[in-house]
Amino acid sequence: MSGWGLPYFRSDEPVPLTIIPVEMVTIADVTRLKRQQVKPPKKTKKKPPRKKRVEEKMPPAPPKMASSMPLADVKPKPEKTAKQIAARSPRITPRRKPPVPGKFTSSKIFALLDKHPEEEKSLEDQLKEKGYDQVAQLSDIDQKMQTMNYAAIVKKQIEDDNCWNIQGGGRDVSSMSALVVIRLNPDGSLNGVPEAVDKNRMNRSGQEFFKAFVESAIRAVRICAPFKLPREKYEQWREFTFRFTPK
Amino acid sequence: MLEKMNGAKVWMMVGALLLLNACANTDKGALNNASTDPVIEDTTSETMGTPREGVDEETMGGSEAGSQEELDNVAGSLIYFGYDRYDLSSDARSALQAQARWMEGNSSYVTVEGHCDERGTREYNLALGDRRANAVKNYLVALGVSSSRIRTVSYGKERPAVIGTGSTAWAKNRRGYTRVN
Amino acid sequence: MRFIKVILLSSMGLFLTAALVQAQSRFIVDINKGNVEPMPIAIMDLRGNDREMVSGGSVGDIGRRLSQVVTADLERSGLFRSIDRKAFIKSSGRGGRPKFANWKAVGAQVLVTGNLLLQEDGRVKVEFRLWDVLGSGQMIGLRYFTSPKNWRRIAHLMSDAIYKRLTGEKGYFDTRIVYISESGPHTQRIKRLAIMDQDGHNHSFLTDGRHLVLTPRFSPTAQEITYLAYYNDAPRVYLFNIDTGKEEILGDFSGMTFAPRFSPDGNKLIMSKAERGNSDIYVMELRTRKVTRLTKHSAIDTSPSFSPHERYIAFNSDRGGSQQIYVMDANGKNIHRVSFGKGRYGTPVWSPRGDLVAFTKLYKSKFYIGVMRPDGSGERLLTESYSDEGPTWSPNGRVLMFFRKQPYDKNGKGGETQLWSIDLTGYNERQIMTPLDASDPAWSPLIR
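Chains as they are written, first to last, in our numbering: chain A, 1 to 247; chain B, 1001 to 1181; chain C, 2001 to 2448.
Careful: at least some of the hints might be erroneous.
In silico lysine-lysine, DSSO-like type, Cα no more than 27 Å apart, as pairs [what the hints assert, rightly or not]:
no.	chain 1	residue 1	chain 2	residue 2
1	C	Lys-2170	C	Lys-2125
2	A	Lys-211	C	Lys-2170
3	A	Lys-199	C	Lys-2033
4	A	Lys-144	A	Lys-156
5	C	Lys-2413	A	Lys-199
6	A	Lys-228	A	Lys-247
7	C	Lys-2125	A	Lys-228
8	C	Lys-2033	A	Lys-156
9	B	Lys-1172	C	Lys-2410
10	C	Lys-2170	A	Lys-199
11	A	Lys-211	C	Lys-2410
12	C	Lys-2033	A	Lys-155
13	C	Lys-2413	B	Lys-1172
14	A	Lys-211	C	Lys-2099
15	A	Lys-247	C	Lys-2099
16	A	Lys-247	C	Lys-2125
17	B	Lys-1172	C	Lys-2364
18	C	Lys-2099	C	Lys-2086
According to the in silico footprint, chain C covers these stretches of chain A (three or more CB under 8 Å from chain C) [said to hold, decoys possible]:
no.	stretch
19	142-154
20	184-192
21	196-206
Keep in mind that the hints were calculated from the coordinates and are not lab data. We put the beta carbon where it would ideally sit given N, CA and C, even for glycine.
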């Protein structure tokens, strides 16, 4: 069920993704790159070892004990190749600056475009911001039908294979919804790390439910990949967004 | 002695005697003696030759005056309530009237216990038991018993009299029990 | 500057067009169907030196027991399924990062590893990490110091940390249950106050059973329990100090006081007092012992329960003719009924999350444990049996514990009374083992 595309018998550590797709610079790419340059959050688990110590907490109860301190993340092995390190943080390295005329990086331009504070915007607003539409507004009916097809294929795969494990009973779980963007390789396996659209909300205090919810969605995607999509139409499904909403 | 009593009292006594005579299980002789001399021994009733039956003999020779046993025998110490109710049925009232009469004849103190069946939640049943106990007390007080002689306590559903599932068992547990202290 | 602006605008234009074009090849996939399955978690024995001895065994022993307690905690929650140790592939990494592929191969989605180290001062240092097997990274890493005897609490703290990280919700494993231990014939039941860890361990009796004790509750802030006890036919509310074992009658009331609970801030005690057949609700400030009457009605008013921020009180009353649930402001105003279904309702308890009120319901000879929103809507029944009663919430508001009594047979046998728990979702109904029969459970807050 795991879809890294790596054979299991490799004895060194599995790596999230080694395949870096060769991209032709099309308009599509540029647009995608624009999105990428939204500052990717540093995943806390990939931080360099923290020296921070939590103060000893003495509980009032008789069994005195624990001070709990966060452990530094275990350092990756030194034998890591540069390639593996790059792949570990795929969001940062593989995406080059777009060949935009002038000195402006797309990040600056995007920053100018996107002046909203990262609040809990409605899903519709988020989608519109990122350039999506509720339903792909296409003049080409065929293409529209095909993307709906791809959506149906992927949806069926996730739902029929029971990939998404929700934890029942969480407060507000019935009103939760999360957008997760994924990028795929031509063989349908995951390219990079699936990412929540509303990343900032995930890491805010008080949003632990949302974070756990998003993580369950990301887990579902990891479990279900690779997706069985027609290779010859790769351009049309190489990136899309899941919207997880439990019923 | 009779001459010393006034007329009304004489009639009452005659009436009482007649009533008592109407009861099947009394020993005339003994009662006649009782109206004049306190009977300490059984011998006089024995010579009458009538069969001795339960209650009166026992009262004469057995239970202590003012004891639980006496109460149980004379008036009964238990009355029963409907499901989730604390009002007194007519049976309950009759029994309580007898209890009140009994209490008038002695100086005993009692605790009225209020109980419930198990078909209710614990705390609500504690409150309901308290209501039942007080319903009994209030009625006894209305009948003339001094309030200071009656304490109340609720046991909710904690002390069933009968163990069982079903309406018969449950009905037996919804009770007010007058306990001599 | 103007040149820059021109470039800027033209670039923006370029991007916007690109965005529109790109919109044609992006799409959204709606996923609505998920399943509620326990998450497969692999919990390795915490590594410790098998030759270093402490009270209770070797450090290695403690590590193994610790892992077992964590495994049991997480499985009991119904949200996790631990991977059978026999399936673990050897050489899954000693220190450093685990070989995630091996863990994926056995079906684990998350992994727990760790170790214990005896310190010079006799304490033991426990470290553990939670790994995201699918994402190949560390999720949490924590370190504890404690005396070796306290290893159970470390296990529960670990369970809480793992639970919280994976569900987003606070755990409930570092908690205790106080309850009434029952034995003897049902006509003269012996009832004793008892306390245990939420997993049933560390059990002890707090009273000797000579006097009837009922309905205990924990203080949220102090090592105190309140309950109803009968001495000399006088049922009254008492306070019990767990540390000193001392018992103290609360106040000097002429009538029965019962149904006591602490307020969420621990400063007040709310209860019922019965006077001449009428039960009303009173609040006492614990420091000053000042008493305020909250309800003034000839009906039975009892089983009060504060909302988590003490703005409201839910309680049981028959002022409408039958036993129902009402809610009022904490000052006694604005009393309104919230239970409207068929049957009778009792024992309202407000969830620590604030979103629900749990209750006992009686309808047509059956008992139910259920929940409803504080306005009475959304009533959901979670259990049903001959006799289920007295729900108590876990501190995170996800699990309810209650007691269940069996019916008697024609010979008067039966009547077994035991503690059970069920998740808010209605799943994972399970019995809590106790040495004897048990009733009236009350869940402590998180100990820390």
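Agreement of Lys-211 of chain A and Lys-2410 of chain C with the hint, judged by alpha carbon distance not exceeding 27 Å: Violated, because 56 Å separates the two Cα atoms, which is more than 27 Å.
Does Lys-1172 of chain B sit within 27 Å of Lys-2413 of chain C, going by the straight-line distance between their CA atoms? The given pair, whose Cα atoms are some 17 Å apart, holds under the 27 Å limit.
For the stretch 184-192 of chain A, count the residues whose Cβ lies under 8 Å from any Cβ of chain C; is that count three or more? violated (count 0)
Check whether the Cα positions of Lys-2033 of chain C and Lys-155 of chain A lie no farther apart than 27 Å. Holds, at roughly 9 Å.
Quick one, are Lys-199 of chain A and Lys-2033 of chain C close enough, alpha carbons at most 27 Å? 23 Å, holds
Can you confirm whether the C-alpha distance between Lys-2125 of chain C and Lys-228 of chain A stays at or below 27 Å? 48 Å, violated
What's the verdict on Lys-2033 of chain C and Lys-156 of chain A, does the C-alpha distance respect the 27 Å limit or exceed it? 10 Å, holds
Sort out whether Lys-2099 of chain C lies within 27 Å of Lys-247 of chain A, counting only the CA atoms. Outside the cut-off at roughly 36 Å; violated.
Hinted pair, alpha-carbon criterion (27 Å max): Lys-211 of chain A, Lys-2099 of chain C. Please report holds or violated. Roughly 25 Å between the alpha carbons, so the hint for Lys-211 of chain A and Lys-2099 of chain C holds.
Would the pair Lys-247 of chain A and Lys-2125 of chain C pass a check requiring their Cα atoms to be no farther apart than 27 Å? 45 Å, violated
Within 27 Å, alpha carbon to alpha carbon, are Lys-2170 of chain C and Lys-199 of chain A? Holds: Lys-2170 of chain C and Lys-199 of chain A sit about 21 Å apart, inside 27 Å.
Coverage assertion for the stretch 196-206 of chain A with respect to chain C, Cβ distance below 8 Å, three residues required: Our answer is that it is violated, as 0 residues pass the Cβ test (under 8 Å) against chain C, missing three.
Consistency note: the structure conflicts with the earlier hints numbered 5, 7, 11, 15, 16, 20 and 21.
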